[in-house]
Amino acid sequence: MIDLKKQSKELLKILWLPGEDEIIFNTKSERPLPLSSDLYRQLIQYLDIDKWKRLYAEAYKDWLNDDSKSVYKINDKINLSIIEALVKFNKSLDSQSVYYWFDIDRTFTEGFTWEYCPISGKKLIYLGDEYPKKNAFVSPEYPLILPDYDMMSKHKLK
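In this note's numbering, the protein residues as written are 1044 to 1201.
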């Protein structure tokens, strides 16, 4: 299992937000990396960013229109394509690790707290109190970062 406390890598996340051009954010500060960042140029070698953003925007619009829930299905191609790209991309990085931010549809599952990776089923790693709740857990095997919105949660995954 990865011991993130001993790693000196900067943790970043990819998150699509409506109306935003940037998709890479610092997981502690929530600040977006500028589009001129070298990281975007490097990521393009593994993922067609513009195409992915367009497809994600379409899937999100479908969800808003109640036509599809693909953005909330981890095994959907829109999610798997970026996860697969990040597995390869992270191998090329020395000082950063980039995760894909994922969550379930909170419309009907408000109190849900992640405990296990939605792909591997392995117990998630709790990043610590210095990270925002929306970036609370990472998968030990996949480049996934997941939220902990259960503010009353007394348990912390280690």
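Just so you know, these hints were derived from the structure itself, not from any lab. Keep in mind the model is a prediction, meaning the values are calculated, not measured. Check the hints yourself; a few may be wrong.
[What the hints assert, rightly or not] Lysine-lysine pairs mimicking DSS-like chemistry, simulated, CA-CA at most 25 Å apart: (1) K1094 - K1166; (2) K1177 - K1112; (3) K1176 - K1165; (4) K1096 - K1112; (5) K1052 - K1131; (6) K1176 - K1116; (7) K1112 - K1071; (8) K1104 - K1165; (9) K1104 - K1116; (10) K1131 - K1071; (11) K1104 - K1131; (12) K1052 - K1116; (13) K1096 - K1165; (14) K1071 - K1165; (15) K1094 - K1165; (16) K1166 - K1104; (17) K1165 - K1120; (18) K1134 - K1096; (19) K1177 - K1104; (20) K1104 - K1052; (21) K1094 - K1176; (22) K1176 - K1166; (23) K1052 - K1134; (24) K1131 - K1096; (25) K1120 - K1131; (26) K1094 - K1120; (27) K1096 - K1166; (28) K1177 - K1166; (29) K1116 - K1131; (30) K1052 - K1120; (31) K1052 - K1112; (32) K1165 - K1177; (33) K1104 - K1120; (34) K1134 - K1165.
Out of the numbered hints, which ones does the structure contradict? 1, 7, 8, 11, 12, 13, 15, 16, 20, 21, 27, 30, 31
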